[in-house]
Structures are given as C-alpha cells and as structure tokens.
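Residue numbers (this note's numbering), protein chains in the order written: chain A, 8 to 260; chain B, 104 to 294.
Hints listed in this document are in silico derivations from the structure and should not be mistaken for laboratory results. Glycine residues also receive a C-beta, built at the ideal position from the N, C-alpha and C atoms. Worth double-checking, as some hints may not be accurate.
[Said to hold, decoys possible] Cβ-to-Cβ under 8 Å is the rule here; a few derived chain A residues that face chain B:
hint: 1; residue: G33
hint: 2; residue: L40
hint: 3; residue: D44
hint: 4; residue: G45
hint: 5; residue: P47
hint: 6; residue: V59
hint: 7; residue: A60
hint: 8; residue: S62
hint: 9; residue: E68
hint: 10; residue: P72
hint: 11; residue: T77
hint: 12; residue: L81
hint: 13; residue: G84
hint: 14; residue: G230
hint: 15; residue: V233
hint: 16; residue: I235
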Amino acid sequence: MSGTGALSCAAVQDLAPELALNLVTGTQRSQALAHLDGCPTCRGVIDELADVADSLLLLAEEAEPPAGFTGRVLARGSSQGPSAYQAPPVLPSPRRRARLKPDRRRRLVLTSVAAAVVVAGTGLGVGLDLGLGTGGNGGGGFQVAGSDALGALGGRRLAATALRLHGREVGQVFVYAGRPSWVFMTVDTGDVHEPVTCELQVDGGATVVLGSFSSSNGYQSWGSTVAIEPSSIRGVRLVSAAGAVLASASLTR
Amino acid sequence: MAHHRPAVEALADEVLLSGLALDEPGMDLAFVQRFQRRVFGLAVSLVGDAAAAEDIAQEALLRAWRHASTYDPRRGSVPTWLLTITRNVAIDFLRLRRALPTDPEALLDISDQAMGPDDAAVAGDMAHRLRLAVAGLPFDQRRALVLATFYGQTAEAISASEQIPLGTAKTRIRAGIQKLRAAMTEPEGAR
Chain A
8 MSGTGALSCA AVQDLAPELA LNLVTGTQRS QALAHLDGCP TCRGVIDELA DVADSLLLLA
68 EEAEPPAGFT GRVLARGSSQ GPSAYQAPPV LPSPRRRARL KPDRRRRLVL TSVAAAVVVA
128 GTGLGVGLDL GLGTGGNGGG GFQVAGSDAL GALGGRRLAA TALRLHGREV GQVFVYAGRP
188 SWVFMTVDTG DVHEPVTCEL QVDGGATVVL GSFSSSNGYQ SWGSTVAIEP SSIRGVRLVS
248 AAGAVLASAS LTR
Chain B
104 MAHHRPAVEA LADEVLLSGL ALDEPGMDLA FVQRFQRRVF GLAVSLVGDA AAAEDIAQEA
164 LLRAWRHAST YDPRRGSVPT WLLTITRNVA IDFLRLRRAL PTDPEALLDI SDQAMGPDDA
224 AVAGDMAHRL RLAVAGLPFD QRRALVLATF YGQTAEAISA SEQIPLGTAK TRIRAGIQKL
284 RAAMTEPEGA R
C-alpha cells in the first residue's frame, strides 16, 4: 500500500527499525505515523520488530530487591493515592499509537468490566474468563451468559457492543442482566454541548427513555439501572435535545 | 455447593492489573510481589547501583500502579509494559547523571547459564531462541542494539558515543534487529 501519507511504504519500512525502537522524532515521526494510520502492512512490519525489541527487555536477569522493598512500595502507593500522582503517562510507540485509536477505549473498558466481574467472582470462589486477552470481538460486541461467575453475582447475561454514528464507532454500550440490571456506556459525543437522552428500543418496536446526561466535553461515560427485561432491548440510541441521533447500537438476542 | 476461593496469585497478569486499577483489596500486594524481582533486576542491570535501582524500581511500580487503567493488552504483555516503564525511568535517571554506569554487553548475559528455571519453564523456547539469536549477532551490532533498546539511544547518540559515522550506527541497529526478527519468526527447526 502506498500513498496513504507523506511517506511511501518503502520509506516507512526503511525507517521501520528506528520506528520500532521509538527512536524517530520530529517531522519524520509525524509523517510515519500518518502513513501507519492507514497502512496495515507497514504496521505489521513495525509490530514484528517492536515485539522483538520488547522481548529483549525480558532477557534481563531478575534480582531480589532489598529487604522491606515490598512494604516501601505499598506505603508510597497507599499514601499518594491515585489522584495525587502527577507523573506523565508512558507514551506508546508509533506502531502502537497507530493501532490503538478508537478501539483502545473499548478494550480498556472491556478489561475493566471483565476484571470487575472476575474480582467479584474471586471473592465468591469462582472465576470468569471472557476471553478478552486475545481479541476476537472484532465485530464490536460480545455476550457472556450462563457462566458460574455471572450466576454467583446474580447476573444472567453481560453483553457489549459498539455505539456507532454513520458507521463510525464512537463508543461502547454494556447491558447487564442481573440484580439490578443496568446499562452502561462510554461515548464520544463530539461537539454536542447539550443534554443527551438515552433511548432503548425494545421488542415490539416500542421506545423507552432510560435517562439523560449532560454532554460538554466530548467523551462521556454514563449508566443507569433498567427496570425492563434487558433481553428485550434490541437497540440503544443517543439523541440530542434537538432530536439528532448522536449514536446508536443494535443488540442481538 | 461449597466454593474454594482461588488465590489472587493465580490471576492472569492482565486481570491482576485491572483489579489494581479498580482498587480491589489485595491486588496491590500481589502486583508488587509478582513483578518486583523483574523490575528491580532490570533496574539494577541498567544503573549498576542497588540503592539507585531501588528508587527506580519503586518509581516504575508506582507509575504502573497509577496508570494501570491505561494498560492495553495489545500494547504488549504486562511484564513487557512494566519493564518498558522501568527502562524509561532508568533512562531519565541516567540522563541526569550523563553516564552509562554499566557495560552494555553485560546487560545481555548470553550464556545459557544465565537462563534461570523460570526462563525455561515460562519463556522457554522463545527466551532460548532469542538468547541464541543475540549471541549470534556480531559484537558491534549487539552493542548498538543494546544501547538503543535498553538505553533508548538514538542512532545519532550511538554515533557520537561510539565514535562511528551516523550511517554505520544506523546500519548496526537495523541489521541487528532484522536478524533477531528473522531468527524469531523463522519456523521451528529451520535453523
């Protein structure tokens, strides 16, 4: 593939070792990122090289830290608290930035939801493997039903799918059937600065208004318990105060 | 039916990290205990000083803890992510000192004796193949690759520190990593 950015495939692949090692800066880096954004072939090449480079770190010898090390780390971690720490986040390398994009948010949320279920399940003596570590929900959704962990938590089903606008993924929605049942979503509402209403389309074609939330900063997360049977929900729609559809999702039974 | 509570230690790395991000009880201790040897080992390899390595290892673990919610499995395994953070903290430390306190070649002890039982059992063939591939690199390429991967040195920096032309530095880095990739991706038994 070529012509997807300021650099050609040949130029990007010539730079691949340095890109994989995150040694490219400035304009050249920007141009390479622009190309990688639309070229899975080049991304694949850089991914392979970066995996090798990352693996080298794993070859460093392990060593026993000094006595009391664990306690000192825990003490510092506990005293600072999650919001007090101001260290900058670690920037992903170019190849990884290129492949994170919108899908990343879904993955993070899915991982957290999975962890919440698993952690809760751990306390009850059960575990749940959602299979999220290996990808596989490329269609934008998954369902878990009938697992021991969900059952132990009082849940029957957990479904997730993408919220889309004109075919573009703008968020994710989760529907949990349990006690209580709930709907939770993360969504990028763009430049909308007005209340957003969440509507549920249910079996038979009826529409149920679940609630509203304010939208001011683009990326939002919101949720609510639902009084209706979750398995009857066929779709989720977010509508602006002016009546414009901001995002929608379909759910299968 | 009675359930047996599975040990936190048995959780997958990714789940442990997610539990840490959610502030679940016991996850902090399990996280630190699981990874502290790897993190401290890399830190002490990079800076060669136990006291400094402890500061670096603490900072790396805390940084990972604070940013646990940003971890994405597609960005690599948890150990790789954590060791990358450790390396970055160490690089910041070394830049302040403007020195490389350790011999770059010593970082990759390529002898089979350096491979511990965990390597054999967990990393197994992958680690062994990578060690062999590293051992098979010409000295100059191995050194350039270590400087780039472990110390984040650009080709320009390697050119200056090794007193070689920029093009040579680039060639060594490129040739080194391409050879490793070839060794790691070729079918088993093709060597």
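Restraint check, 8 Å cut-off on beta carbons, for P47(A) near chain B:
violated (14 Å)
Hint validity - D44(A) Cβ closer than 8 Å to any chain B Cβ:
With Cβ-Cβ at 16 Å, over 8 Å, it is violated.
Per the CB criterion, is E68(A) less than 8 Å away from chain B?
Result: holds, 5 Å to nearest chain B Cβ.
Classify the hint on L81(A) as holds or violated, based on whether any CB of chain B lies nearer than 8 Å to its CB.
At 6 Å from the nearest chain B Cβ, L81(A) passes the 8 Å test, so the hint holds.
Given P72(A) as an interface hint, is its Cβ closer than 8 Å to any Cβ of chain B?
holds (4 Å)
Mind checking the CB of G230(A) against every CB in chain B and telling me if the closest is under 8 Å?
violated (15 Å)
Chain B contact restraint on I235(A) - CB to CB distance below 8 Å:
Status violated, d = 28 Å.
Can you verify the interface hint for V233(A): is its Cβ closer than 8 Å to any Cβ in chain B?
violated (23 Å)
Hinted contact G45(A) with chain B - closest CB pair below 8 Å
violated (18 Å)
Hold the hint about A60(A) up to the distance rule: shortest CB distance to chain B must be less than 8 Å.
holds (5 Å)
At a threshold of 8 Å, is the proposed contact between G33(A) and chain B supported by beta-carbon distances?
violated (11 Å)
May I ask you to test the interface hint for L40(A) with respect to chain B, counting a Cβ-Cβ separation under 8 Å as satisfied?
Hint on L40(A): violated, closest Cβ of chain B at ~16 Å, above 8 Å.
In the structure shown, a violation is registered for the earlier hints numbered 1, 2, 3, 4, 5, 14, 15, 16, in ascending order.
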